[in-house]
Amino acid sequence: MARPLINVPATVKRGQVFEIKTLISHIMETGFRYTTTGQRIPRDIITFFSCSYNGEEIFRADLYPAISANPFLTFFTTATESGTLEFKWTGDNGFSETATAPVTVE
Amino acid sequence: MSDSTRREVLIGSLAGGLVATFRVTDASATPEEMRSAIRQVVGTAQVRKGRVELDVPPLVENGNTVSLVVSVDSPMTQADYVRSIHVFNEKNPQPNVIGVHLGPRAGKAKISTRFRLADTQTVTAIAEMSDGSFWSASAEMIVTMAACVETF
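Protein sequences, first through last, are from chains H and D. According to numbering that gives the first Met the number 0, the residues represented by the first sequence are 0 to 105, in order. According to numbering that gives the first Met the number 0, the residues represented by the second sequence are 0 to 151, in order.
Think of the hints as simulated: they come from the structure by calculation, not from any bench.
Computed Cβ-Cβ distance ranges for the label pairs, DEER-style:
| hint | chain 1 | residue 1 | chain 2 | residue 2 | range |
| --- | --- | --- | --- | --- | --- |
| 1 | D | Q77 | H | Q38 | 47 to 57 Å |
| 2 | H | K20 | D | P56 | 14 to 24 Å |
| 3 | D | T119 | H | T36 | 23 to 33 Å |
| 4 | H | T34 | D | G42 | 35 to 45 Å |
| 5 | D | T119 | H | L22 | 22 to 32 Å |
| 6 | D | V46 | H | A9 | 33 to 43 Å |
| 7 | H | A9 | D | E31 | 45 to 55 Å |
| 8 | D | T76 | H | S95 | 27 to 37 Å |
| 9 | D | P56 | H | D61 | 19 to 29 Å |
| 10 | H | E105 | D | Q39 | 39 to 49 Å |
| 11 | H | E105 | D | S35 | 46 to 56 Å |
Interface residues of chain D toward chain H, partial, derived using beta-carbon atoms under 7 Å:
| hint | residue |
| --- | --- |
| 12 | G98 |
| 13 | R104 |
| 14 | K109 |
Given the structure is predicted, the values throughout are model-derived calculations rather than measurements. Glycine is no exception: its CB is placed at the ideal position from the N, C-alpha and C atoms.
Sequences and hints are given; from them, build the entire structure.
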């Protein structure tokens with residue numbers, strides 16, 4: 000099971016630029032490796048990530064096999080109002096995972 | 000083919016042996032592939048050096064997880080912001096590393112992640128600004144233990 004970890008400051012001031020850190024457990028199998036018997040290990044990666052702030056998309060990323068296992072991604076956004084951050088990861092073999100994190104704006 | 004000569008048979012078996020030996024490394028991108036991947040993103044626009052800062056370790060011990068920080072010098076206002084950041088490599092099996100899309104709400108054009116490196120190579124980050132201009136930065140990275148080559 001993929002378990003996402005999200006790190007967002009507990010409270011932020013209005014207008015403040017704050018960092019969002021995300022980590023999700025995933026094998027990120029490149030599809031370029033072989034077993035000792037010479038069989039190619041099929042690709043199994045997360046290909047897409049997006050983050051919405053109160054329903055509006057603020058960040059999205061296309062991931063490729065060059066991203067390490069357990070993809071770690073950080074980015075910034077500006078605090079507008081209290082609400083929720085929604086995170087979504089999708090990938091090969093129908094992989095889909097979501098997570099939410101509350102934001103409190105003072 | 001029933002009428003293949005002895006030479007053809009020998010060459011064929013030699014090629015087969017080479018493929019078997021170097022199978023792991025045969026799927027390596029080249030600087031040309033990186034350039035064509037960059038062209039797919041930027042189109043015919045000119046890519047200028049500067050404004051982008053690529054923060055990577057110059058010497059990498061383990062190519063499986065390499066930290067990557069890209070920051071772009073931009074005021075991040077409605078009128079002037081970074082639209083996207085793309086990272087490319089020369090010698091991994093594929094030239095793309097990551098492509099992210101930002102907006103003026105980001106406040107700060109800075110992202111970080113961890114990526115894989117299959118060989119000593121040059122890594123390039125390209126940022127697309129809201130005015131349609133492209134800026135880039137490159138870094139030479141030396142890798143002692145490469146990713147992607149181990150088997151089970």
